[in-house]
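Number of protein chains: 6
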Amino acid sequence: MKIALINPNSTASMTDKVREAARKAAAPGTEILAANPADAPASIEGHYDEAASLAGLLREIKKAQMWGADAYVVACFDDPGLGACREIVTGPVLGICEAAMHIAATLATSFSVVTTLGRSTPIIEQAARRYGMAHLCKNVRAAEIPVLDLEQEDGSAAAKKIEQETRRAVAEDGCEAVILGCAGMADLAAELTQKCGVPVIDGVVCALKMCEAIVGAGLSTSKIGAYAPPRKK
Amino acid sequence: MKIALINPNSTASMTDKVREAARKAAAPGTEILAANPADAPASIEGHYDEAASLAGLLREIKKAQMWGADAYVVACFDDPGLGACREIVTGPVLGICEAAMHIAATLATSFSVVTTLGRSTPIIEQAARRYGMAHLCKNVRAAEIPVLDLEQEDGSAAAKKIEQETRRAVAEDGCEAVILGCAGMADLAAELTQKCGVPVIDGVVCALKMCEAIVGAGLSTSKIGAYAPPRKK
Amino acid sequence: MKIALINPNSTASMTDKVREAARKAAAPGTEILAANPADAPASIEGHYDEAASLAGLLREIKKAQMWGADAYVVACFDDPGLGACREIVTGPVLGICEAAMHIAATLATSFSVVTTLGRSTPIIEQAARRYGMAHLCKNVRAAEIPVLDLEQEDGSAAAKKIEQETRRAVAEDGCEAVILGCAGMADLAAELTQKCGVPVIDGVVCALKMCEAIVGAGLSTSKIGAYAPPRKK
Amino acid sequence: MKIALINPNSTASMTDKVREAARKAAAPGTEILAANPADAPASIEGHYDEAASLAGLLREIKKAQMWGADAYVVACFDDPGLGACREIVTGPVLGICEAAMHIAATLATSFSVVTTLGRSTPIIEQAARRYGMAHLCKNVRAAEIPVLDLEQEDGSAAAKKIEQETRRAVAEDGCEAVILGCAGMADLAAELTQKCGVPVIDGVVCALKMCEAIVGAGLSTSKIGAYAPPRKK
Amino acid sequence: MKIALINPNSTASMTDKVREAARKAAAPGTEILAANPADAPASIEGHYDEAASLAGLLREIKKAQMWGADAYVVACFDDPGLGACREIVTGPVLGICEAAMHIAATLATSFSVVTTLGRSTPIIEQAARRYGMAHLCKNVRAAEIPVLDLEQEDGSAAAKKIEQETRRAVAEDGCEAVILGCAGMADLAAELTQKCGVPVIDGVVCALKMCEAIVGAGLSTSKIGAYAPPRKK
Amino acid sequence: MKIALINPNSTASMTDKVREAARKAAAPGTEILAANPADAPASIEGHYDEAASLAGLLREIKKAQMWGADAYVVACFDDPGLGACREIVTGPVLGICEAAMHIAATLATSFSVVTTLGRSTPIIEQAARRYGMAHLCKNVRAAEIPVLDLEQEDGSAAAKKIEQETRRAVAEDGCEAVILGCAGMADLAAELTQKCGVPVIDGVVCALKMCEAIVGAGLSTSKIGAYAPPRKK
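Sequences listed follow chains A, B, C, D, E and F, in order. According to our numbering, the first sequence is numbered sequentially starting from 1. According to our numbering, the second sequence is numbered sequentially starting from 1. According to our numbering, the third sequence is numbered sequentially starting from 1. According to our numbering, the fourth sequence is numbered sequentially starting from 1. According to our numbering, the fifth sequence is numbered sequentially starting from 1. According to our numbering, the sixth sequence is numbered sequentially starting from 1.
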């Protein structure tokens, strides 16, 4: 099985981190492609960055289809362009926010999200509501670190803040699980799960594994409605 | 007051229709700019078209700001890119779907939407839910005409289908108003209101008038959260 | 265009304030009538006051129709009697709570409301839910000042409390805008917007401007369902 | 125990019917007062009639308190003025729509409502939503008979239409119970339950019995928030 | 009228308390049966205890039907097995959580719940959502006392904690009523209502009184859908 | 990886079908255990059957843990006893209804469910609402065939009815995918997907694959709240 993970921003170190997390979690027969557009914003921090990333994201999705991908992950927690991607390829396309929330819903009766910047909080709250998960989402917490701080050579300061915020979520929100709200946190989940005593859930791995699950189940995107191929003009 | 209406597709005849509808409804002191990107899809029929239109839309919004716009209308019923537009300009930005729904909510206890193609139905249903209007929206009906059929020299066949679907909405849905679900229907609202005995609401005029209202009230987009200017990378 | 604003309580100084706010914000061609019943409660603080104000409100609405009003504003944040008013006149009728919330929804991803007394908090929470705006409403805060304190010769003590509560809303609620939850605060919005760095939204002006917008769009209340004229007995 | 049922319209025959239904269902020790204002609309068919009935309703509620009522029923399916009544008396106040819905929720997983005129349909849909019962309410059906047709000497034509609509609700809506959406149908419930094979629920009796239940439980309206006594001006 | 209250756990002292509370509140003609299975968990603290209690609960319900019960109360705040009970008997079956919430909804615009252990909080939050009462439920608070602490000879330490949590609910949650979230608190409601100045609502008495109300109204469980008798295999 | 699928009814042929579907879809390294209690109802058709199946289900779950299961599937579309199972084992526990809905949500903007008997319709509607999927669920359709008809030697009559109802769902409901609402339909999904042109989704395979995904992601049930181990009494 071939699964493509597209990081829609242009920061290669984040793509590397995504690839690494996926490789560790992939099933034996799964081949991983991780890619990012060269001409996208360096990080996705808000609606404008999302919009500015779409052309590159769609191009990379098409390239991945040429490569023979069976399924696709959009590796940004804002889940940008999911509908558009679903229209242009036949394999399933998973967002990392939706994947994390769907899996969290089977492991806990509630979760909080720990993300980077406060400006992303309303975007994530809206996603929870769009996915029907608002009743499970106790809180969206921003550690107030820019996305790219997670990519610095010594990312330990950022990681420390994420841990603090995760601990506060458990202590104060009454949540039973924590979702990490940025693809750049994919390397932190396992250790935080150990340290914090609750499932700390990374969407990159969730989306990869749900892709494997869906392909393995012989299912794919419905093509009779909203996700039909784009109309020729 | 200067109001810019951006049609995010590349079909100039639709932009003309939007401009004409806006001019007729504008207050005496309102100056209208109607524009469209040259390099966008010819019509917005689904998520991919939306995504493909964003770069052009954002470029035109920026141009409109240079022109001195006080407010902006995104003249496509999918309300593409509203968040991104709100980040990059200071004046209010209105979508035509949201404007039509907010106004309908004050005129009737329910509405149905009549749109072009069935593939847009889920997009509009999701918009109604996102805006908190799902409880008012009795039905989304597709006349099953491609958007560009509304632009043909003799658009009377398309107009006829819209009228039929509007009448069926009133007769069958138990709705008290009908919203026209495409910018290309802006010229049909007044006549259909007359013919069908209910408010038939066009979002282009609603968005224009809400822009005038908001600017006239001295209000603008909040800049402390989700709509703060994009971060420098 | 002629727009009537009815303050449903009997306090003339509040009617004056409403008239003044409306005049400042009205479009050049808009003629304003502001009136209140003589025999209503001096302020609307709860359901009983609302009920007790309705006979007078409906009488004033009818008078305003004789005057030739094109549209009507009910200038009390509880939005009393909107349905009844909509049945007896043909022009649009706007409540100041609904108008503020519909406009806030286009300027911010969330808002808090600052009102007078805690007993009005559940009424406003229910309004937000009724209008489909509960997901945007982060909090309803009461400054715990009786309505008429806003009308005292030197209203600065009350104004100070409103400002404090507005600042706390911004600091503590994670909201991106603040709605002033009483017609008697109409004179405070502009200054608070300046001081607090977020849109501080007054419903009186919002309702006035939405009336201008709706009349200018050639729309009016649907008369085929819930808002049909009262049946003769 | 003394329970007052106020029919907020001026039609004495409907008050008689309400009294009769209450007497039949009352517990041995329950004393019934049924009254109506003389100066109210002859029937409540829409928001205006509701508003026009409130002054009389509140007067009758106060009289009933003088009589020594332990609890109060507002015997109109629009549940007009509940909040205002709750502020001015200390005993519990039940609406017949809310009582019917709360009881239906414990007897069936869904219900439909059969009411008089279509103009009341949105009012009842909004009530279901306000009470948190929208997910249980499969349909609101109007038999399209004016309220007073239920009061004609030979009410059998109206009763026949109610029966037809009740049978259609069971056959077509997938509902498990039917609520009669007008106080004037109180005499029909028992027979329709027999005939139609589902609980056919009359709100007058439900509200009476819930009043007995609440008084018997030693409970009453909370007086610390929205239902505190009206403030002195 | 004969009403059976089944405590689904095996703790006889709790059954005694339930019987006592019911006797005090029952109408003159009401005969009370209170019973519990011998082989159930000693207390219901979570989903597993619920599941483990069902066989005994259903057996006791059947016995109560042999006894001639007109209605049934399941006296555990998790409302376990309501659907199953409704299938196997013809009389109405009330849960104490649902009864308390339906009655609270007519007495106050909001409530908080005070329960025993934090592990029950999500169960009660889900119940509130299932019953359509989430918008009324300000908070679910756990006093963090095991259920059986309420049964100790001198229960005053537990009662003290319940009182503290009830007072905090009133002071901090903005609620207008408090629901006691465990059958074992049935003896505390009256005194706490006195002390705390809001309705403090016990579900055992609410369910008993609603049973009397429903039987007295001549109503019973619908048998055409979800609550039809179990199918023979 | 070892995954246990428990069919909570006593019909071994259905367990065989579940095992077979799981084996076909399992990843290479996945070992399957499929079991059912001997003393459960022969089929789960309603709340009583659910309740009657729980003791056996929990016993089989415990046995599966002894066998060394890494994850568990409860193979009945009512998702009985999920919470209880999650308390007593450490590995993830998936219901087939929840798994099907979570996966459907990533493949289509809406789905309908085709189930066996109408009495299960409200149970499935409530599940959709509980899982936050009600906005995606266009319809729940009953083919009105008893569960065990699916197990008859020549199941083609039942299969034909399922196919008819699936086709009607696509034609009439406006849904983009169909979920099969019974474990006994697990063998029909692939062929119906082919025939009907939409994803026809079987929950057994979805739950199995989500188990593999969750275990592969290193995640498991949260143990700090509602799913903590049962308390010792």
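Take the hints with a grain of salt, since some may be wrong.
Each pair may be met inside one copy or between any two copies, as identical chains are not told apart.
Said to hold, decoys possible - Listed next, the in silico DSS-like pairs over lysine-lysine satisfying Cα-Cα at most 27 Å (straight line):
1. Lys160 with Lys62
2. Lys24 with Lys138
3. Lys2 with Lys138
4. Lys223 with Lys63
5. Lys161 with Lys63
6. Lys161 with Lys232
7. Lys195 with Lys233
8. Lys195 with Lys63
9. Lys63 with Lys138
10. Lys161 with Lys195
11. Lys233 with Lys24
12. Lys2 with Lys24
13. Lys138 with Lys161
14. Lys223 with Lys161
15. Lys62 with Lys161
For the record, the hints were derived by calculation from the structure and aren't laboratory data.
Against the structure, the hints come out as follows:
When the C-alpha separation of Lys160 and Lys62 is checked against a cutoff of 27 Å, the pair qualifies neither within a copy, at 37 Å, nor between copies, at 39 Å. With identical chains, the CA atoms of Lys24 and Lys138 are never at most 27 Å apart, being 30 Å at best within one copy and 39 Å at best between copies. For a Cα distance limit of 27 Å, the shortest separation of Lys2 from Lys138 qualifies neither inside one copy, at 35 Å, nor across copies, at 33 Å. For the homomeric pair Lys223 and Lys63, the shortest alpha-carbon distance inside one copy (20 Å) is at most 27 Å, but the shortest distance between copies (37 Å) is not.
With identical chains, the CA atoms of Lys161 and Lys63 are never at most 27 Å apart, being 36 Å at best within one copy and 40 Å at best between copies. When the C-alpha separation of Lys161 and Lys232 is checked against a cutoff of 27 Å, the pair qualifies only between copies, where the shortest distance is 22 Å, while the shortest distance within a copy is 48 Å. Within a single copy, Lys195 and Lys233 get their C-alpha atoms no closer than 54 Å, and across copies no closer than 30 Å, so neither meets the 27 Å cut-off. In this homomeric assembly, Lys195 and Lys63 never come within 27 Å of each other (Cα to Cα): the closest approach is 39 Å inside a single copy and 31 Å across copies.
In this assembly of identical chains, the alpha carbons of Lys63 and Lys138 never lie at most 27 Å apart, being 38 Å within a copy and 35 Å across copies at closest. Within a single copy, Lys161 and Lys195 get their C-alpha atoms as close as 14 Å, which meets the 27 Å cut-off; across copies the closest is 32 Å, which misses it. When the C-alpha separation of Lys233 and Lys24 is checked against a cutoff of 27 Å, the pair qualifies neither within a copy, at 43 Å, nor between copies, at 30 Å. For the homomeric pair Lys2 and Lys24, the shortest alpha-carbon distances inside one copy (15 Å) and between copies (20 Å) are both at most 27 Å.
In this assembly of identical chains, the alpha carbons of Lys138 and Lys161 lie at most 27 Å apart whether taken from the same copy (19 Å) or from different copies (26 Å). In this homomeric assembly, Lys223 and Lys161 come within 27 Å of each other (Cα to Cα) only across copies, at 24 Å, whereas the closest approach inside a single copy is 43 Å. Proximity of Lys62 to Lys161 under the C-alpha cut-off of 27 Å is found in neither arrangement, the shortest distances being 37 Å within a copy and 37 Å between copies.
In the structure shown, a violation is registered for the earlier hints numbered 1, 2, 3, 5, 7, 8, 9, 11, 15, in ascending order.
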